[in-house]
Amino acid sequence: MVALLAWAIVGVLALIILSIVLTFNSLIMLKNRVNNAWSQIDVQLKRRYDLIPNLVNSVKGYMKHEKGVLTEVTKMRTQLVNGSMSQKAKASDVISNALKTIFAVSERYPKLQASENFKMLQEELAGTESKIAFARQFYNDNVMSLNNKIQQFPSNIIANMLNFKEREFFKSAEEEKKSVKVEF
Amino acid sequence: MPTLYEHISSNKRKSILLISIFFIVIGFLGYTFGLYFGDAFIGLAFAIIFSTIMTLISVYSGDKMILSMSSAVPADRKKYPNLVNTVEGLAIASGIQTPKIYVIDDRAINAFATGRDPQHASVTITTGAIERLKRDELEGVIAHELSHIRNYDIRMMMLVVVLVGVIALLSDLFLRSMFYGRGKRSSGKGGGMIGVIIILIGLVLAILAPLIAQLIKLAVSRQREFLADADGTLLSRNPSGLTNALRKIRDDKEPLVEAANKATAHLFIENPLRTFRGKINSLFSTHPDINDRIKRLESL
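Here the protein sequences line up with chains A and B, keeping their order.
So that you can map any letter, position 124 of the first sequence is 124 in the working numbering, and since no number is skipped, the others follow by simple counting.
So that you can map any letter, position 185 of the second sequence is 1185 in the working numbering, and since no number is skipped, the others follow by simple counting.
These are calculated hints, taken from the structure and not from any lab test.
No experiment lies behind these values; they were computed from the predicted model shown.
Each hint should be verified, as a subset may be incorrect.
[As the list claims (entries may be wrong)] Derived CB-CB ranges, DEER-like: (1) A/N97 <-> B/T1098: 23 to 33 angstroms; (2) B/R1013 <-> A/E72: 47 to 57 angstroms; (3) B/R1247 <-> A/V21: 18 to 28 angstroms; (4) A/N97 <-> B/S1299: 26 to 36 angstroms; (5) A/L13 <-> B/R1013: 25 to 35 angstroms.
Positions of the beta carbon are idealized from the N, C-alpha and C atoms, including for glycine.
So that you can see chain A by itself, here it is in the shape it has in the complex:
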C-alpha cells in the first residue's frame, strides 16, 4: 500500500516535471522565433536605410518644389536603424508615406521616369517596402503566439517563474491610438 502510494507520488512528480520541461521548451522556441522574426525586420529596415540616399540623389535635381519631403525622408532615415522599436516603426511609416509622395510626384518628370537607375531604385524600394510589411506581419504573429503562451493558464505560471517577458508588437505609438491613418 505504502509502496503504491510512493509510486503514485513519483508518477505525479514526473508528470509535473515533464510538463514544466515541455512548456519551457515551447516558450524558448517561441522566443527564438520572435527574435528571428525581428532580425528579418531589422535587415529590411537597414536595406531601406541604405537605399534612401541613392534615391534622394537621383531625384533632387528634379524635385525643386518638393524639397520638404526629401528633407523629411533624410531626417527620418537615421531612426530606421537607431532608436526604440516604436521609434523605428514610426520612422518606417513616415518614410513609407513620403516615398509614396516622391514616386507619385516623379510621374511629372518623364526624364526621371526613363532613367534606368531610377527605375531600379523604385523597384528595390517597393520590394523593400513590401518585405517590411511581410516581416512585420510575421513578427507580430509570432509575438502574439509568445504573448498568448505567457498569459494563458497554466503556462503563465512557468513563464512567470522563469521570467519570460511579453514582447512589444511592431507598431508606432500613433498606430496604437488610431489604427487607420491616411496622410498626404
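Add chain B to chain A, keeping to what the hints say.
Quick look at chain B alone, frame taken from chain A:
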C-alpha cells in the same frame, strides 16, 4: 499563427498514414505475386525494396527531373526584379527560407512548386504570369505556391505520385503474368486453400488498387489546392490578388503550358492541360473546378 503550425503537423501525420497504406498495399501485392511464383517473401522483399528505391530517388532528385522536364530555367534577379522581390517578401512572411526561383518561357499564366522540404524547394513561374499579372495577383499566386512548400505538400505529392506509379506497375506485372500463366502452382507447397484465397484477393487488389490509388492521388491533389488557396490568402492578407489571378487564368485564351504533361499537371496552380471550360468538379481531375475555387476565395 499557432494554428498554422498545428495544421502543418496534422498534415505530416496524414501524409505518414497515407504513405503507410500505400506501402502496405504494395507489400501485399508483392507477397501474393511471390506466392504465385513460389516464394511469397522474395516477392514481398522485392516490392518493398523496389518502392523504397523509387521513393528515395523521387524525394532526392524528383524536383530536378521535374524542372528539366518542364524546361524551367533559373530566374535572373536583374531580369525579373519584381518576381524575385515578391518571392523573397512572401518567404519572409511565411517564415521559410527563400526557395530557388525558376521561369518557364510560355505565354500561359501558371506556376508550380516542388522539392522535398522548405530547405530544398523551388517555385517556377511562366513568363506569361510575370508579364500579364499585376503585382498583387502575382503575389497571390506565389503565396499559394509557398503554402504548398510550407505545408510539405510538395514532398507529399511527389511520394503519392511515385507510389501510385509503383502500384500500377506491380499490378500490371501481376495481371500479365497471371494471364500468360507462367507461374508455378504454389498450392502444392502447403499453401492449399489459404494460398489460393490470398492469390484471389491479390488478383482483385491488382485490378482495383491502381484505380483506387489514382483516385486517392487526385482527391489529395484537389484538397491540397483548396488548402493552399486558403493558406496563401492568409499569407498575402489579400484574397482579391489570387482571386483575380484565377479569373485571368480562367478567361485566358491559351491556358495550356506546352512543357507540361500528365506527369506534372498536378503540380501547377491550375491544370495546364485543361482543354475545355466550365467542367464540373470531376472525380478524375487534378484540380478543383476553378469557379469553385474563386467562389471559396470570395467567401473568405
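Consistency of the hints with the structure:
1. A/N97 <-> B/T1098: 23 to 33 angstroms: The hinted range 23 to 33 angstroms holds for A/N97 and B/T1098, with Cβ atoms some 28 angstroms apart.
2. B/R1013 <-> A/E72: 47 to 57 angstroms: Holds - the Cβ-Cβ distance for B/R1013 and A/E72, about 53 angstroms, lies within 47 to 57 angstroms.
3. B/R1247 <-> A/V21: 18 to 28 angstroms: Cβ of B/R1247 to Cβ of A/V21: about 51 angstroms, so the range 18 to 28 angstroms is violated.
4. A/N97 <-> B/S1299: 26 to 36 angstroms: 33 angstroms, holds
5. A/L13 <-> B/R1013: 25 to 35 angstroms: 31 angstroms, holds
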